[in-house]
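Asker: Can you build the whole structure from these sequences, using the hints too?
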Amino acid sequence: MTKPSHDSDRPLRLRCPCGGNHSAGEHEALFTRGTPNEENLSASALESAALRALFPEAALRRAFLRAVGRNTAMAAIASVLPLGTLTAMAQDKGPLEKSEVKIGFLPITCATPIVAADPLGFYEKQGLKVSLNRTAGWAVVRDKTLAGEFDASHMLSPMPLAISLGLGADATPMVVPAIENVNGNAITLHVKHKDKRDPKQWKGMKFGIPFDYSMHNFLLRYYLAENGLDPDTDVQLRVMAPPDMVANLRAESIDGFIVAEPFNQRAVFDGIGFIHLLTSEIWDKHPCCAFAAKTSFVEQSPNTFAALFRAIVSSTIHCSKMANRKAVAAAIGGPAYLNQPATVLEQVLLGRFADGLGKVRNDPNRIDFDPFPWQSMAVWMLTQMKRWGYIKQDVNYAQIAERVFLATDARKRMTELGFKAPAANSRPVTVMGKVFDPAKPDAYLKSFAIKKS
Numbered sequence: 010m011t012k013p014s015h016d017s018d019r020p021l022r023l024r025c026p027c028g029g030n031h032s033a034g035e036h037e038a039l040f041t042r043g044t045p046n047e048e049n050l051s052a053s054a055l056e057s058a059a060l061r062a063l064f065p066e067a068a069l070r071r072a073f074l075r076a077v078g079r080n081t082a083m084a085a086i087a088s089v090l091p092l093g094t095l096t097a098m099a100q101d102k103g104p105l106e107k108s109e110v111k112i113g114f115l116p117i118t119c120a121t122p123i124v125a126a127d128p129l130g131f132y133e134k135q136g137l138k139v140s141l142n143r144t145a146g147w148a149v150v151r152d153k154t155l156a157g158e159f160d161a162s163h164m165l166s167p168m169p170l171a172i173s174l175g176l177g178a179d180a181t182p183m184v185v186p187a188i189e190n191v192n193g194n195a196i197t198l199h200v201k202h203k204d205k206r207d208p209k210q211w212k213g214m215k216f217g218i219p220f221d222y223s224m225h226n227f228l229l230r231y232y233l234a235e236n237g238l239d240p241d242t243d244v245q246l247r248v249m250a251p252p253d254m255v256a257n258l259r260a261e262s263i264d265g266f267i268v269a270e271p272f273n274q275r276a277v278f279d280g281i282g283f284i285h286l287l288t289s290e291i292w293d294k295h296p297c298c299a300f301a302a303k304t305s306f307v308e309q310s311p312n313t314f315a316a317l318f319r320a321i322v323s324s325t326i327h328c329s330k331m332a333n334r335k336a337v338a339a340a341i342g343g344p345a346y347l348n349q350p351a352t353v354l355e356q357v358l359l360g361r362f363a364d365g366l367g368k369v370r371n372d373p374n375r376i377d378f379d380p381f382p383w384q385s386m387a388v389w390m391l392t393q394m395k396r397w398g399y400i401k402q403d404v405n406y407a408q409i410a411e412r413v414f415l416a417t418d419a420r421k422r423m424t425e426l427g428f429k430a431p432a433a434n435s436r437p438v439t440v441m442g443k444v445f446d447p448a449k450p451d452a453y454l455k456s457f458a459i460k461k462s
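Residue numbers (my numbering): 10 to 462.
It is worth saying that the hints were derived from the structure and are not from the lab. Errors might be hidden in some of the hints.
[To be verified] Straight-line alpha carbon distances no greater than 25 angstroms define the calculated SDA-like cross-link-like pairs of lysine to any residue that follow:
1) Lys107 - Ser140
2) Lys205 - Asn371
3) Lys460 - Asp253
4) Lys215 - Asp264
5) Lys294 - Asp377
Answerer: Structure follows, in structure tokens:
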């Protein structure tokens with residue numbers, strides 16, 4: 010497996026997008042092949058694809074190369090864009106390398122766009138026959154994706170970052186072409202804790218989380234720390250598969266959990282839990298799950314990858330429209346998909362729900378679907394991995410975010426599909442009233458009183 014390119018005295022970074030075991034900055038010195046002109050690029054298919062994607066007209070390519078020189082041009086492109094993915098950009102109108110594709114998913118509402126794209130015909134429209142493989146837990150999704158059993162997968166949005174860095178698995182370059190959902194989670198407590206609405210009362214309690222490298226883990230840790238609790242010493246966090254959380258809450262082996270829907274609503278439906286807080290109340294429009302693939306799949310099957318992107322983004326935009334949500338709930342509720350009562354899915358997707366405390370809430374923002382992979386999201390996740398000791402070294406936050414979260418690709422493809430895309434790749438966000446500037450991750454980390462070190 011490919012290892013991250015770093016040593017003890019350098020910030021953690023990913024290897025050069027050209028595939029070499031060097032940084033993008035070292036690319037120019039390593040690849041000198043004579044006088045800069047378009048024909049000399051034939052020795053590097055990835056670099057040629059990059060230029061064709063950025064400058065479709067041959068005259069413009071030649072003018073660009075004459076103006077700056079071939080080596081400088083390629084080093085500049087390599088420093089900001091993943092060249093393997095640009096290959097797919099250049100070729101994505103060609104015939105599919107694979108018309109039959111296997112995708113892994115967990116039966117949660119975060120997977121709605123990936124799952125709904127099947128019964129609603131978005132895959133078929135792109136000439137794809139997709140096999141959706143329902144999977145029990147996130148470690149299984151990761152392992153089957155890395156083993157090549159899944160061509161692409163529904164993943165927690167921090168997972169591709171962690172896998173690319175070799176955290177919890179052998180380092181394997183991954184990409185996130187699209188986010189699946191924003192919001193869509195909650196902190197749920199057992200009904201016996203209705204008198205403990207203040208988190209300062211939670212010392213000694215046990216909470217279920219779906220995975221170490223999850224927004225759930227990072228948001229719960231953030232929430233606890235802001236309320237004066239150290240998540241590593243004052244409470245117990247237990248990793249368990251989302252479908253197992255309601256049963257564990259019923260058995261009182263945990264006091265609460267933070268997880269994707271429909272399991273928070275299912276705990277209310279079954280009368281054993283109540284919704285303490287929607288995660289949108291911690292960070293509104295926070296990312297949750299993503300569509301992810303190994304970089305090698307993108308490079309080996311660029312046309313198939315592009316077709317998958319078109320299908321999933323079209324499905325994501327469709328699912329984002331409230332007028333479509335009731336029909337979407339009906340489409341994904343069956344045993345082959347989420348296997349949940351229609352009432353539970355409608356309460357989640359439509360945002361009108363019982364909270365287990367005797368109230369019916371109306372919050373259309375409970376879950377939403379937005380495909381754009383903001384790189385500021387990736388930088389925030391990396392700061393939390395660093396904050397809680399998952400990452401030991403210094404981190405080149407921007408470089409890693411650019412390699413994995415393909416905002417530039419997403420903008421191009423969304424525009425081609427006729428959808429509006431943001432003009433920037435990053436934006437400031439606010440988490441529990443505190444502004445996070447993705448350009449200043451180290452200062453953000455230093456501002457926290459409670460952290461691993």
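Asker: Please go over all the hints and tell whether each is borne out by the structure.
Answerer: Evaluated hints:
no.: 1; hint: Lys107 - Ser140; in the structure: holds, 12 angstroms
no.: 2; hint: Lys205 - Asn371; in the structure: holds, 23 angstroms
no.: 3; hint: Lys460 - Asp253; in the structure: violated, 29 angstroms
no.: 4; hint: Lys215 - Asp264; in the structure: holds, 5 angstroms
no.: 5; hint: Lys294 - Asp377; in the structure: holds, 8 angstroms
The structure fails hint 3 only (numbered hints given earlier).
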